[in-house]
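Here's the letter readout for the chains.
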Amino acid sequence: MMAQAPDLTAPKRPVSHSTLGRAQRWSWIFQRVSGVVLIVLIFTHLFINLWSGDGINQIDFAFVAGKLASPFWQWFDFLMLTLAMIHGANGMRMVIDDYARKPAWRATLQWALRIATVVIVVLGTLVLFTFDPCPADADPSLLPSICEDI
Amino acid sequence: MTATAEAPAKAGAVPSMTVTLKILRFDPDGLDGREPGSEYWEEFTVEAHATDRVLDALHKIKWDIDGTLAFRRSCAHGVCGSDAMRINARNRLACKTLLKDLNPARPITVEPIKGLPVEKDLIVDMEPFFASYREIMPFLMTSGPTPERERLQSPEDRAKFDDTTKCILCAACTTSCPVFWTDGQYFGPQAIVGAHRFIFDSRDEGEWDRLEILNDKAGVWKCRTAFNCTEACPRGIEVTKAISEVKRALTTGTV
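The listed protein sequences correspond, in order, to chains V and H. For the record, in the first sequence the residue sitting at position 124 is 124 according to my numbering, with numbers rising by one throughout. For the record, in the second sequence the residue sitting at position 177 is 177 according to my numbering, with numbers rising by one throughout.
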């Protein structure tokens with residue numbers, strides 16, 4: 001019943017770099033850093049889309065297409081998408097670790113989470129970088145102004 | 001407070017009151033026709049003084065009403081850490097909680113601390129808790145020959161871990177931790193407090209042995225800074241702060 005105390009060994013004084021490289025630590029640091037970055041990204045996103053200019057009335061196909069035609073907003077949205085997805089998935093991973101007691105159930109949920117995360121990030125990235133702001137045969141009044149040159 | 005004043009109180013007399021304790025009991029043997037392992041609430045009403053603690057009320061019940069009530073206590077004065085229990089849904093020491101501070105007009109609920117297997121009534125199996133404590137090697141680790149005299153330390157160095165030396169291993173913090181309740185693998189706040197006491201001690205050289213253990217899957221990264229441990233600690237240790245200091249040592253790589 002009673003466990004034995006661990007054996008006495010000579011203490012190791014220097015910083016253990018193999019210890020500092022463990023995944024648990026990096027996942028904790030990532031969660032904090034990505035959280036701070038996401039606050040900036042999300043509030044910028046909300047400000048640009050919902051507040052500045054005409055506010056929520058400006059959102060239509062032309063507005064979104066115009067934004068996604070610019071490389072800056074493509075990379076901005078890509079960063080927001082990947083950070084938010086990994087940040088959220090990392091949090092869900094910890095919740096599953098806490099509450100899914102049976103190993104098989106835990107593994108199933110963890111893999112479902114990983115697959116869902118990868119699928120959403122890949123789909124979102126495809127949309128961001130292959131999006132056509134000026135589809136052929138569309139009503140010109142619905143398209144962003146950049147399409148007039150084509 | 002429901003004071004029962006049959007006679008005019010004498011000068012200097014301690015006012016007395018009637019209190020009801022609602023105790024969550026667990027019967028492993030199945031006495032009085034109960035199923036073995038049954039769990040049930042039982043209410044006891046006792047006369048108590050305004051200066052009495054929850055432990056005094058429990059004593060009255062055990063000594064005068066129902067001798068089968070089981071609970072732990074040793075010193076009865078807040079030093080040994082034996083009588084941590086969940087009183088009115090908060091982890092406290094029964095010997096440091098005055099009845100008059102708990103609204104005696106309503107029944108006072110007393111439950112065993114959560115997250116550890118209950119053995120009987122308010123007694124839980126503390127072995128998983130002590131196993132976590134042993135895991136972090138709570139003893140002085142040094143190299144070189146033993147000195148002829150004391151190992152000296154400056155007051156500033158001592159102040160770094162002063163708070164965590166106050167721990168009495170009552171398990172109030174660990175059994176208030178929501179991660180400990182659900183996870184079943186987490187070391188728990190107390191083991192990290194125990195490790196903190198040696199990690200930040202300038203005389204000890206085993207800090208990286210302990211930090212390596214606390215960097216593991218069941219270590220400090222499980223902490224979600226819920227602050228339940230800091231609120232529960234009957235010794236007033238800032239437990240969450242100690243855990244965060246261990247995290248900082250691990251993120252910066254310096255102690």
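Everything labelled a hint here was simulated from the structure, so no lab data went into it. All figures in this text were calculated on a predicted structure; none of them were measured in a lab. Even glycine gets a Cβ: it sits at the ideal position worked out from N, Cα and C. Check each hint, because a few of them may be wrong.
Said to hold, decoys possible - Straight-line alpha carbon distances no greater than 20 Å define the calculated DMTMM-like cross-link-like pairs of lysine to aspartate or glutamate that follow:
#1 Lys60/H <-> Glu111/H
#2 Lys102/V <-> Asp54/V
#3 Lys114/H <-> Asp98/V
#4 Lys102/V <-> Asp183/H
#5 Lys60/H <-> Glu35/H
#6 Lys217/H <-> Asp98/V
#7 Lys217/H <-> Asp97/V
#8 Lys67/V <-> Asp139/V
#9 Lys241/H <-> Glu156/H
#10 Lys166/H <-> Glu111/H
#11 Lys120/H <-> Glu35/H
To be verified - Covered stretches of chain H (chain V as the covering partner; in silico rule of three or more C-beta atoms under 8 Å from a C-beta of chain V):
#12 175–188
#13 214–220
#14 242–254
Worksheet item: Of the numbered hints stated previously, which ones are contradicted by the structure, given in increasing order?
Response: Violated hints: 2, 5 and 10; rest satisfied.
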